[in-house]
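**Q** In the order they appear, the protein sequences are chains A and B.
To convert, note that position 209 of the first sequence is 345 in our numbering; the numbers rise steadily by one, no gaps.
To convert, note that position 66 of the second sequence is 202 in our numbering; the numbers rise steadily by one, no gaps.
Honestly, the hints are just simulated from the structure, not real lab data.
Just so it is clear, the structure is predicted and the values come from calculations on it, not from any experiment.
Be aware that a few hints might be false.
Okay, the calculated beta carbon distance ranges per label pair [claimed, not checked]: (1) A:Glu171 to B:Gly336: 27 to 35 Å; (2) B:Gly356 to A:Asp296: 45 to 53 Å; (3) A:Asp296 to B:Val264: 27 to 35 Å; (4) B:Asp306 to A:Gln364: 57 to 65 Å; (5) A:Lys350 to B:Gly162: 46 to 54 Å.
Some chain B residues well away from chain A (every beta-carbon gap over 10 Å; in silico) [stated by the list, open to error]: (6) Arg184; (7) Arg237; (8) Ser243; (9) Glu311.
Derived contacts from chain B toward chain A, CB cut-off under 7 Å, selection only [what the hints assert, rightly or not]: (10) Ala236; (11) Ala247; (12) Leu283.
Note that the Cβ used here is the ideal one computed from N, Cα and C, for glycine as well.
Number of protein chains: 2
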Amino acid sequence: MTRKAIVLLSGGLDSTTTLAIAKSKGFQVFTLSFEYGQRHRVELDRAREISRRSGAAEHRVLTVDLGALGGSALTAGIPVPTGRSAEEMSAEIPVTYVPARNTIFLSFALAYAEVSGARDLFIGVNAVDYSGYPDCRPEYIAAFEKLANLATKAGVEGGDPIRIHTPLIDLTKAEIIQLGLSLGVDYGLTHSCYAPDEQGLACGVCDSCQLRLKGFREAGATDPVAYQPAG
Amino acid sequence: MTRKAIVLLSGGLDSTTTLAIAKSKGFQVFTLSFEYGQRHRVELDRAREISRRSGAAEHRVLTVDLGALGGSALTAGIPVPTGRSAEEMSAEIPVTYVPARNTIFLSFALAYAEVSGARDLFIGVNAVDYSGYPDCRPEYIAAFEKLANLATKAGVEGGDPIRIHTPLIDLTKAEIIQLGLSLGVDYGLTHSCYAPDEQGLACGVCDSCQLRLKGFREAGATDPVAYQPAG
């Protein structure tokens, strides 16, 4: 029987690569995206399209009220930083950090796993480029996996344990891109920018765009997405 | 300086008692309720009123899409069981179990703690009367506390650790009621019923009503809420 997996899919480069990895391992995938008060919706549109093209069994979008709690440049009115070096970015917890976001997202993925009969959860966290995010570290993921097996019917009734897969956690952005390209990922569908324009075009200068462009350079590849004309 | 605490408040007997305990310990309380596709809204109205009367610093209601994931009689179309004994209730995981619910709720409480500067979270879980719920066990709570300290800025930057308080976890329903009465809780404001009528009157026969009524009997007290006339 084909094993089912929940894949957290933002529509970005990392989660799209993670989806391709889950598919390549033979999982029947159920993709889960969140509407969480992001300042732009292009990500969600991309996630839906990426899921559809991947042949996912199901794609769900859950609305969560992260914006109501505030506390991050991604959901509140704090300016998104631009033009910083990778070293500057990793020196501190970025303002784009959303409090407890991965914990919230993984909790919903766990609920989805329980109702769909999946025991495997895939999340594209990365401890290299996003070292400033506490909830991207391997010890955090291990703690969530332990929690998941205590939290659910599966944990009480025995059977297959819940596993949290983080196939990108130790990879550089360039390595992620190389892996994705080898699996046939169309990065032209993915969206990474924190501050796209009205047409959804990436800015090219926010932390996320810079990490992405540096990744493509180091991978010896060309980023297929269109960027805003330099202003 | 007064310490801040997040209190998960459903408007039921247990969470209302938990709120009184947090207040009695001197915390400045921030109450958090969820609109999660419950079949009845009376709980949320009661939670707001209970929070207001407690003098909470703030009350927030977050909408979460648990209903979209299905899987429980509390959010889906599964009939709520009635007329069961306490032994029958605790023999298995009840159909009213919502997958990963406490994990989701605690995750949002953690986010709220992070943005409000609280380090203490109170949740009225109980391992005695709700032994069938995997996410009401002490080992589950311990795992969440560990996760919380790995998930957040507080965990990375040091300082006070996050603590999850479960003051009811080892108490019987009768003991909870006795404790609450000693702290001046007005149980007439609380709502426990899974299947209230249009006026919000409790049914008196669902698992939750039965546990509540048994608790009042054993506490030697009278439940001040009104019940539907026996049908």
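**Q** Are the hints correct? Go through all of them and say.
**A** Okay, the hints, checked on the actual structure:
{"no.": "1", "hint": "A:Glu171 to B:Gly336: 27 to 35 Å", "verdict": "holds (31 Å)"}
{"no.": "2", "hint": "B:Gly356 to A:Asp296: 45 to 53 Å", "verdict": "holds (47 Å)"}
{"no.": "3", "hint": "A:Asp296 to B:Val264: 27 to 35 Å", "verdict": "holds (29 Å)"}
{"no.": "4", "hint": "B:Asp306 to A:Gln364: 57 to 65 Å", "verdict": "holds (59 Å)"}
{"no.": "5", "hint": "A:Lys350 to B:Gly162: 46 to 54 Å", "verdict": "holds (50 Å)"}
{"no.": "6", "hint": "Arg184", "verdict": "holds (15 Å)"}
{"no.": "7", "hint": "Arg237", "verdict": "violated (8 Å)"}
{"no.": "8", "hint": "Ser243", "verdict": "violated (4 Å)"}
{"no.": "9", "hint": "Glu311", "verdict": "holds (25 Å)"}
{"no.": "10", "hint": "Ala236", "verdict": "holds (4 Å)"}
{"no.": "11", "hint": "Ala247", "verdict": "holds (4 Å)"}
{"no.": "12", "hint": "Leu283", "verdict": "holds (4 Å)"}
The earlier numbered hints that this structure contradicts are 7 and 8.
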